[in-house]
Every structure is written in structure tokens, then in C-alpha cells.
Amino acid sequence: MVKPSDSVAYQTLLSELGRLRKEAGLTQRELADRLGKPQSYVAKYELGERRLDVVDFLDIAEALSFDWVKLLSTVDIARS
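Quick note on this note's numbering: the sequence shown kicks off at -3 and runs consecutively.
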């Protein structure tokens, strides 16, 4: 059985979140500090070991100051 986290769309989301973090010039630890979480939180969701819910996603978007609507459009294209 294929898990939702194995989908191309979800993998695209994780890849883009990692790219946006790096583009912002932040390490996993620095982003985790902004989120008030341990570094392992960022590492685990970037590796697909931890599933993100919508609240987590919005917190990350705020911490990285990116347009979450645009990112979700990219993910939606990957679903097609």
C-alpha cells in the first residue's frame, strides 16, 4: 500500500520546503529555533519521517517568509 507521504506531490512539498530554507540561508537548527522546535523536527519532516499538518506548514511558511499559496500551486501541478 502506498502511503500518502510517498506521493509525488508530498515529496515535491518536502523538497520545496528544504529548498526554501536553504534559499533563506538558514540551517535546520536556525529554522528550528525560529519555530521553537528541536533541529530533529526540521530534519524529520525534510526526510519525510514526520508528516506535516496544515498548522505546521503555516508556521514554517511564516518562519521562512514565503508565499504558501504559490508553493501549494507548485505541489498541485506535481499531482497532475
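Rather than coming from a laboratory, the hints here were simulated on the basis of the structure.
Any given hint could turn out to be false.
PhoX-like, lysine-lysine: derived pairs with alpha carbons at most 20 Å apart [stated by the list, open to error]:
| no. | residue 1 | residue 2 |
| --- | --- | --- |
| 1 | K18 | K66 |
| 2 | K33 | K18 |
| 3 | K18 | K40 |
None of the values given here were measured: they were computed from a predicted structure.
Item checked: Hint consistency between K18 and K40 [alpha-carbon to alpha-carbon, up to 20 Å] -> holds (16 Å)
Notebook entry, point to check: When you check the alpha-carbon spacing of K18 and K66, does it fall within 20 Å?
Noted result: holds (18 Å)
Checklist line | Given hint K18 paired with K33 - CA-CA distance at most 20 Å | finding: holds (18 Å)
This entry satisfies every hint, going by the numbered hints stated previously.
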